[in-house]
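Student: The opening residue of the sequence shown carries number 1 in the UniProt record's numbering; numbering runs sequentially from there.
Rather than coming from a laboratory, the hints here were simulated on the basis of the structure. Accuracy of the hints is not assured; some may be wrong.
To be verified - FRET-style restraints, in silico, Cβ to Cβ:
hint : residue 1 : residue 2 : range
1    : Arg49     : Leu24     : 29 to 37 Å
2    : Lys12     : Ser34     : 31 to 39 Å
3    : Leu1      : Asp57     : 18 to 26 Å
4    : Ile2      : Ile55     : 17 to 25 Å
5    : Ile2      : Phe48     : 20 to 28 Å
C-beta atoms are modelled at their ideal positions from N, C-alpha and C, and glycine is treated no differently.
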Amino acid sequence: LISMCGDHFTGKLVESQFQGIWNLLRCWSRMFASFDPQRSGFITCLDFRILIEQIGDF
């Protein structure tokens with residue numbers, strides 16, 4: 001993620017780029033949690049597929 005989001009693929013980020021990655025990870029975490037209401041840390045294969053499709057639409 002860092003090399004993809006940083007300038008010139010150097011592996012370095014400025015603060016705004018870090019904040020962007022952090023916000024993206026938080027969003028993905030919330031999406032995962034929506035498929036894991038018992039907070040077990042696990043989701044089904046079908047739920048994972050739906051989750052990935054939703055992330056792709058994000």
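Student: Look at each hint and say if it fits the structure.
Tutor: Results for each hint:
1. For Arg49 paired with Leu24, a C-beta distance near 20 Å fails the hint of 29 to 37 Å.
2. For the pair Lys12 and Ser34, the beta carbons lie near 33 Å from each other, so the given range of 31 to 39 Å is met.
3. Distance hint check: the CB atoms of Leu1 and Asp57 are about 19 Å apart, consistent with the given range 18 to 26 Å.
4. Range check, Ile2 to Ile55: Cβ separation about 19 Å, and the 17 to 25 Å hint holds.
5. Checked against the given bound of 20 to 28 Å, the beta carbons of Ile2 and Phe48, roughly 24 Å apart, stay inside it.
Checked against the numbered hints listed earlier, the structure breaks hint 1 alone; every other hint is satisfied.
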